[in-house]
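Trainee: Okay, here's what each chain looks like letter by letter:
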Amino acid sequence: MSTVAADVLDHHDDHGPAKGIGRWLFATNHKDIGTMYLIFSLTMFFIGGAMAMVIRSELAIPGLQFVHPEFFNQMTTMHALIMVFGAVMPAFVGLANWMIPMMIGAPDMALPRMNNWSFWILPVAFGILLSTLFMPGGAPAGGWTMYPPLILQTGDAFPFLIFSVHLMGISSIMGSINVIVTIINMRAPDMTLLKMPMFVWTWLITAYLLIAVMPVLAGAVTMLLTDQFFGTSFFLAAGGGDPVMFQHIFWFFGHPEVYIMILPAFGVVSEIIPTFSRKKLFGHDSMVYAASCIAFLSFIVWAHHMFTVGMPLTGQLFFMFATMLIAVPTGVKIFNWVATMWRGSMTFETPMLFSLAFVFLFTIGGFSGLMLAAAPADIQYHDTYFVVAHFHYVLVPGSVFAIMAGAYYWLPKWTGHMYNENLGKLHFWLSTIFVNLTFFPMHFLGLAGMPRRIPDYSTQFTDFNTIASIGAIGFGLSQLIFVWVLVTAWKGARATDRVWEGSHGLEWTVPSPAPYHTFTTPPKARIANEAFE
Amino acid sequence: MDDTERKKGIRRTALIVTAIALAFYVGFIMIGVLRS
Numbered sequence: 001m002s003t004v005a006a007d008v009l010d011h012h013d014d015h016g017p018a019k020g021i022g023r024w025l026f027a028t029n030h031k032d033i034g035t036m037y038l039i040f041s042l043t044m045f046f047i048g049g050a051m052a053m054v055i056r057s058e059l060a061i062p063g064l065q066f067v068h069p070e071f072f073n074q075m076t077t078m079h080a081l082i083m084v085f086g087a088v089m090p091a092f093v094g095l096a097n098w099m100i101p102m103m104i105g106a107p108d109m110a111l112p113r114m115n116n117w118s119f120w121i122l123p124v125a126f127g128i129l130l131s132t133l134f135m136p137g138g139a140p141a142g143g144w145t146m147y148p149p150l151i152l153q154t155g156d157a158f159p160f161l162i163f164s165v166h167l168m169g170i171s172s173i174m175g176s177i178n179v180i181v182t183i184i185n186m187r188a189p190d191m192t193l194l195k196m197p198m199f200v201w202t203w204l205i206t207a208y209l210l211i212a213v214m215p216v217l218a219g220a221v222t223m224l225l226t227d228q229f230f231g232t233s234f235f236l237a238a239g240g241g242d243p244v245m246f247q248h249i250f251w252f253f254g255h256p257e258v259y260i261m262i263l264p265a266f267g268v269v270s271e272i273i274p275t276f277s278r279k280k281l282f283g284h285d286s287m288v289y290a291a292s293c294i295a296f297l298s299f300i301v302w303a304h305h306m307f308t309v310g311m312p313l314t315g316q317l318f319f320m321f322a323t324m325l326i327a328v329p330t331g332v333k334i335f336n337w338v339a340t341m342w343r344g345s346m347t348f349e350t351p352m353l354f355s356l357a358f359v360f361l362f363t364i365g366g367f368s369g370l371m372l373a374a375a376p377a378d379i380q381y382h383d384t385y386f387v388v389a390h391f392h393y394v395l396v397p398g399s400v401f402a403i404m405a406g407a408y409y410w411l412p413k414w415t416g417h418m419y420n421e422n423l424g425k426l427h428f429w430l431s432t433i434f435v436n437l438t439f440f441p442m443h444f445l446g447l448a449g450m451p452r453r454i455p456d457y458s459t460q461f462t463d464f465n466t467i468a469s470i471g472a473i474g475f476g477l478s479q480l481i482f483v484w485v486l487v488t489a490w491k492g493a494r495a496t497d498r499v500w501e502g503s504h505g506l507e508w509t510v511p512s513p514a515p516y517h518t519f520t521t522p523p524k525a526r527i528a529n530e531a532f533e
Numbered sequence: 001m002d003d004t005e006r007k008k009g010i011r012r013t014a015l016i017v018t019a020i021a022l023a024f025y026v027g028f029i030m031i032g033v034l035r036s
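One line per chain: the protein sequences are B and F, in this order.
Using our numbering, the final residue of the first sequence is 533, and nothing's skipped along the way.
Using our numbering, the final residue of the second sequence is 36, and nothing's skipped along the way.
For reference, chain B alone in the conformation it holds in the complex (with noise of 0.2 Å):
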């Protein structure tokens, strides 16, 4: 045992958790809270995931088999808003929850009390949203980007949609800002801020984007409320106003989003492909500009979600142009990533093989991201299933399989044993399979013709979209894989405290499973240096 963990069980064997309900009601601890939120995410992915089956089931061959297009509508928006907000961001808190403290050798969050706030508003925002799907008029139907005029058609539903986001919106910038006032104020004495692991780096930077641009959301939204209830006009042509406006203030807000799902992955992936390559992540400072560089882009290429509503040429040169200036850090960090495992003494466990489908597919979604930067082709691509087959190549095996990664690597950590590796294998490569089988037809879909959002579509289709919806069904059930290898993850073999060999870093210098209060007194310098190195 380390003299890290030596020095906070003597000090600190004294009081644990609290007991029953009120240890989660009231939870301030990090781990605790971290989770929640895993154990949330995981059940959104699955009823976003059902919503998912249902698109998937009606698409399988053509015509109208099982639900009504209003209902259709319903589950494409609510998947997607379920997945962003409810499944993807709640994940990456989680790991930030769990792992920033430890890899800063903080005793906790910053703003505990508030850290709690931040979680217990979810399932209450959920709640609200999930609520409207048994209201007169159906769930919100005009799709996650909720556009106006037509997000203003929504029956009873509209006010709670709009309630439910700010709830998400204000969730989301409590937990970033404590985030944000953790690695500023409570870093080891030694860790300088280049000297920050690049997963606690690539939270930061996230944390700021989402300071940035929750709050634009929860304006559009609101703007949206008085629009419906309170007689304004901002976005309600009839009245003065301007429907694009809406679209121009949603994108600011979401092409920064994009990046709030990826950039924690870049994080969990840097911290994962060194360990497994038994290197130091090649490069580290310059992963750190580049990342920075990716969040200042997001602020400036927004447009390129609106090339079809009209623009001046001037603006779709520039929107154009900077969006393909993404590819250049991207580029970095794909290289980086490369060269880290270059000559190295790799092996293949389960995180690290989430670590380089990581790479390799989230490659693809960013070249179908380059295709869609170009102002004329993406006129021709706009709308069509090949923006679906992008997005979701950069969200599934982009951001979910870095969440899958991060769950097997820090897995035995959390729980004190090994989870069982033959699983994860079969859990990795069904996935893998099957996500392929899903998204890659799109792509040709896609480029046939084919529009998003439509529950019927002519027989040309039916090939791509059958292959799609076998896929699906075989991706959807390749996850129970995992719920079976969490259930069962108490049962491995004990877990040492470093649990990998090539690992490096502060968390890893604790006991498995991690005490429940951790660098209660800061690690010390000698320590915390021989973690970083």
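FYI, nobody ran anything at the bench for these hints, they're computed from the structure.
Some hints here could point you the wrong way.
Across the chosen pairs, the derived CB separations fall in these ranges [to be verified]:
| # | chain 1 | residue 1 | chain 2 | residue 2 | range |
| --- | --- | --- | --- | --- | --- |
| 1 | F | D3 | B | M371 | 27 to 35 Å |
| 2 | F | A23 | B | V67 | 53 to 61 Å |
| 3 | B | L325 | F | T4 | 17 to 25 Å |
| 4 | F | T4 | B | P112 | 14 to 22 Å |
| 5 | B | A18 | F | R12 | 26 to 34 Å |
| 6 | B | G331 | F | L22 | 44 to 52 Å |
Note that beta-carbon positions come from the ideal geometry of N, C-alpha and C, so glycine has one too.
Following the hints, complete the assembly by docking chain F onto the known chain B.
Mentor: For chain F alone, kept in the frame of chain B given last:
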């Protein structure tokens, strides 16, 4: 950094980022007000 200083730092950082968030919220609604 002693405890009091750290607490001050936490409060200062929290206030700054909260102010940034509020500025974005109010700012974008003001854009809406000015354009409509």
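Trainee: Taking the hints in turn, state whether each one holds.
Mentor: Status of each hint after checking the structure:
Evaluation of the 27 to 35 Å hint for D3(F) and M371(B) yields a failure: the beta carbon distance comes to about 54 Å. With their beta carbons about 44 Å apart, A23(F) and V67(B) fall outside the hinted range of 53 to 61 Å. At roughly 45 Å, the beta-carbon separation of L325(B) and T4(F) lies outside the given 17 to 25 Å, and the hint is violated. Remark: the range hint 14 to 22 Å for T4(F) to P112(B) is upheld by a beta-carbon distance near 18 Å.
Against the hinted window of 26 to 34 Å, the Cβ-Cβ separation of A18(B) and R12(F) comes to about 31 Å, which satisfies the hint. For G331(B) paired with L22(F), a C-beta distance near 36 Å fails the hint of 44 to 52 Å.
In the structure shown, a violation is registered for the earlier hints numbered 1, 2, 3, 6, in ascending order.
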